[in-house]
Structures are given as C-alpha cells and as structure tokens.
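Using the sequences and the accompanying hints, generate a full structural model.
Number of protein chains: 2
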Amino acid sequence: MGEFRQNFATKEWVIIAPERAKRPRHVSGQQPASAPVPSYRTECPFCPGNEPETGREVLRYGDTFSWNVRVVQNKFSALDPIRSTQRQQQGLFLKSDNFGDGEVVIESPIHNATIPTLARESMVNVLRAYRERAIEISSTPNISIVMIFRNHGPGAGTSLEHPHSQIIASPIIPPHVRDPFQKAALHYDSFGTCVYCDVLQEELRQKERIIYENEHFVVFCPFASRTPYEIRIYPRRHMANFTWTDNAELAAFADALQTVTRSMNDVLGDPSYNYIIRSSPTGDEDVRYLHWYFVLIPKITTPAGFEIGSGVYINPSSPEVCAAQLREAAGT
Amino acid sequence: MGEFRQNFATKEWVIIAPERAKRPRHVSGQQPASAPVPSYRTECPFCPGNEPETGREVLRYGDTFSWNVRVVQNKFSALDPIRSTQRQQQGLFLKSDNFGDGEVVIESPIHNATIPTLARESMVNVLRAYRERAIEISSTPNISIVMIFRNHGPGAGTSLEHPHSQIIASPIIPPHVRDPFQKAALHYDSFGTCVYCDVLQEELRQKERIIYENEHFVVFCPFASRTPYEIRIYPRRHMANFTWTDNAELAAFADALQTVTRSMNDVLGDPSYNYIIRSSPTGDEDVRYLHWYFVLIPKITTPAGFEIGSGVYINPSSPEVCAAQLREAAGT
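Protein chains in written order, with the working numbering: chain Z, -5 to 326; chain L, -5 to 326.
In short, the hints are calculated from the structure, not lab data.
Keep in mind that this is a model prediction, so the values were computed, not measured.
It cannot be assumed that every hint is accurate.
Identical chains blur together in the list; that is why a pair holds if it fits in one copy or across any two.
Subject to a maximum C-alpha distance of 20 Å in a straight line, what follows is the list of computed DMTMM-like cross-link-like pairs (lysine to aspartate or glutamate) [said to hold, decoys possible]:
#1 Lys177 with Asp278
#2 Lys89 with Glu209
#3 Lys89 with Glu13
#4 Lys177 with Glu115
#5 Lys89 with Glu45
#6 Lys201 with Glu322
#7 Lys5 with Glu279
#8 Lys5 with Asp192
#9 Lys89 with Glu202
#10 Lys5 with Asp91
#11 Lys201 with Glu126
#12 Lys69 with Glu45
#13 Lys69 with Asp183
#14 Lys177 with Glu209
#15 Lys5 with Asp173
#16 Lys89 with Glu314
#17 Lys69 with Asp192
#18 Lys89 with Asp192
#19 Lys89 with Glu196
#20 Lys177 with Glu37
Pasting the structure below:
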C-alpha cells in the first residue's frame, strides 16, 4: 500500500506507489539497447578539430587543440544577450525581450565520455568550469539566476550526443523558483534554521535513504522522491550559492557525483537523465535560508495528465529500496 | 528573435523561441508511423466481452453487453479508497495514508475510436459521464479535488490503447494547484474580477490566437503557450467548477473539443497528448475568482533540465502561427 509524502522544503506532495509497477504494461528501468557510441565523430561540432564550428569560446582548460574542457556560447540558445530587462504590456499581458546567456560546457574531447567514466581530474575540471563561469556570469548586470544543468540521453531532451552541460542565465525569477524560496524564508522566520540543512540532518538521522557520504557531501534518495532513483547531493556546509564551494569541496563533489552515477549505471544500465544544480539567485548568495544542492532525475517514467494537472508525481517505487540498491552497487 | 511571455493568471513565464527550431537536431511534430490500430482486440480488458476483467462498474450508459460508455474503478489506481486523511509525522517529515479514488472512463466500445472520430452523441455521453461522476465523487467526505484527464498515445504515458479518460480524486491540494488559486484570489481582491474571465476577454480582443468559437466556448492557443500547439478551451460563462456546466454547454463543449482535435490531427498527424479539465476544489464550486477550463498539450517537445529546474518552458514555436494553422484546418 502506498502513501502520500510531503517534500519538507517545497511542501509539494508525491504518491509513493510501488504496487503501480504491477500494471499490465508498466515502464521499465532499462533503456532499449542502442549501438555503442564511438570515441570520435568527424561531424560532431564538439569533437576536436571542429572548434571553429562552436559558438565563441569563453573558457578553455588546456591548449587550443589539446584541451580538457571548453565553455562556448550556445549557438542555439533560447536566450539572447540583448541588454534590456524592461517588461512591456501587450494589452493586459506582460512580455519581455528575450535576454540572458546560454553557454555550453564541453566536458571532454572524447565523444563517448560519460560522467562516471571521466578521469577524476577531468570531472573536477568540469565542476571548476561550472564555478568559474557562474562567478563570471553572476557579475553581469541584470542577471537574476544562473542555472547549471545536464541532459543525458535521448529521453532527456538532448540534441547532441557529445558530453556537455549547459549554463543558462536569466533576468527573470519564475514562480516555480521563487515560491520554494518564499517557503524556505518562512521556515527560517519560524525556526531560525535553513530548511535544507534540516532536511539533510533528518535524512542522516533516518539513514535508510543515504547512498554515499564523504567529508563534504551526502548523497541520498529523498523521502518524497518524485521518480524512481531520484538522487540528491547536498553539501554538508551551509552555502546558499554553488559559487561558494571551495576546492576541497569541489573534489569531494566530483567523488560523490561519479560514485553515484556509476552505481546508477550498474543498477539501471545507462538511463537518460537530467541533472540540475539548484542555487540561490544572484544577490542572494549570502542568505541564511537557501542551500545549493544537486538533483538528478533518471528518465524512466513519463509524467502524464495527473502529474501535469496536479504537480503530484506518482512514483512507482520505494525511495528506501532504490537507495539500498544504489548503496549496494556503490559498495558503501 | 524570441521573447519572454507571462501567463497572466499563474504569473509563470515561458520563452517563445521559434528560432530554436533551427537547431541541428530538433523535435518533430510528427510521430513515427505505427501500425494501424484494430477496432477490436480480444485481449483488451476494455473491449466488449471482457467486462468482468475491469474494476467495479460505477456508471454505464446503455445495456450490459451493448454499452456506449462505462466508468469503472481503476484496478491499478495510485490511490486507494482508505477513508483516512490524517497526516502522520515520520521524524520531521510529513506523510499520509494513500487515499482517494481512481476511475476509468471507457469512452467507446470501439477499440480504435478517438476523440475526433467519435460520433457527436458519443462525445457528449463521455462529457456527461465526466460530469455525473465528478458530482458523485465531490460529495464523498474528505475529497478536496477531482481531476479529469486523458493520456493519448505512447508519448503521453498511457498504459492502455483503448480510448479512455481518468478521474482521480484526492484529499490533498498540492501547492502546484493551490498557488495559482491564491494568485487568482489576489487578482480578485485587487480588481474585483475573475482573472480567467479577463484572460478570455483579452484573447478575444487580441483575436490572433483564437482557433474556434461557438455560443458557449472559445478555443485558443494561449499567449504564454508552454508547448507548440497548446490548446485551451474556456467556457464563456463564469463557472468555477466543471460540474456547473449545463446540457447545452456540454454539447457545445463536445463540438469545440472535436473540432480542435480534428484540426490538430490534420496539422500534426496523430500526436500523443495529455488533456486536463482544471476545476475548483470541492467546497469552492461557487467562488468568484476561479474558472474551470480545458487544456490540451501535444507531446511534441521533451522538457529537459532547463524546464525542470526553472519551470520556464522553451516553446520553439509561435502561438500565433500555431493558432493560424489550427484555425485554417478547422475552416473557421
């Protein structure tokens, strides 16, 4: 028998319903087998030798033709760097010139590299590039949020196979982002604590959903997981913004990320997934009520009418069972 | 050049970015061609002759073995009719026994019937069944919301091919539903009007996104469409709850729904889609600040990390162009 569970920070509910997996045709955790991806593709704009095909390079670790990580402007960004944030009325309705920055972090010269198979040093370099670009973009006037995310695999909405993440900066803070901040501020006003610090302590106390821990980070399946094998990585130290992460923490974050994605691949094959680094708005880097964290959502269920209408996700698995499987695969 | 647009009711933003369609590999509006669906399948639990295989029948129009519409309890519902709404603490976290009702509306005995190909009378019967069940379920103690939705096609998360909709009733109102209600109440407090009535009047005034109109309903692509060909059907009369819809309105709603889904199929083939009837909570059927409406979302784009992280949807098409295509196909 399932149950409703509430996300303590956002107050959103999920339905945990492992018996749903008994439906006549249910979703599978395994992706269909596909052809192996080669380590190099002549026609790939992100492969070495095709550097002129990308947008303008804004960061590079390594030499021009022997690089480790490149960050380039997204040629097909949904956002354009027009420097106006003024809202306009169209009759009753509100609109704004498209504005912001879109960048692509090319994580490796190797076409078929993945997060778990990157050398540790390369993984640290990718995270260092995230931080360096986030610091730079945050200093741009009028930017309100900087979002770092990664879409992996055909089910996750990616348009290019080469390993890459994206950074998008926007002058607008949408309600989907603002509303949980307001709930976190209310929590702070009531209890004097960061709600995310509280969640982390409670997950550590309940223990059964913890996958991996190191000195600086804790990896777990959250109590109110919206999907099977949803993964969160929280820094132990209270920091509202990702840019505060120091070098020792960055290395520990790389370990946590590679460990849990290796476990995930052991358990699920190589699923499509989205990951996102959620961080405070620019200007709110020091607030006491927000806490940056990492969330990874494997794409093994399809949100349907119920989820779209209610925002309540039906999770056909138990977060405790998913965490136990990932923990076992991690050997921790 | 694209732009940000705000949903006037929910204050959510979208990015309208038609130039995104120029990306190297972009999504297509066409589904891959699949084998034609037969009008009958022996093994389908919803086909005539297999009535004992479904959950308990709660409504039937027609005879036992010669029916037009059947409503049955969902054997694989995510919700169970345990009559307790009490929340429980698990440490700091909140949970609740799974509770609610899940019903399936079997829309036709014909296995390959679709919304646009149903006889008009059958379509009206389906909507009548929605209304009859919604009234009955709303009278159940502790039920807070009744949601009617339909998942069509493999991309929309459906597990059965036979034409059916679902009705889910829950004792919990999630923030995703409550937050827009609060915004609508604030609008009422400021302006003394229903924000959805205002949106409808503004769409009619701007006119370029209107697809179809009849005496009781208006069909349009909303100003801040989150996806290509997003379709809304608003009743002209202010009604917070779907159950207030009278018989003349139900017939006009059937016409609107069949007209626009026929247009959609002309333009897009037979896309997967989700549709949802958004209606007030039980107990709030009379409120002046809510307005029931219908929303249909064709599944032709994949939400990725950016959408999941920000709640801002990147729509690679112009709502004005989509509406013009659907209007032309409707011959209106």
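Violated hints, by number in ascending order, as checked against the structure: The structure conflicts with hints 2, 4, 5, 7, 11, 13, 14, 17 and 20, although it agrees with all the remaining ones.
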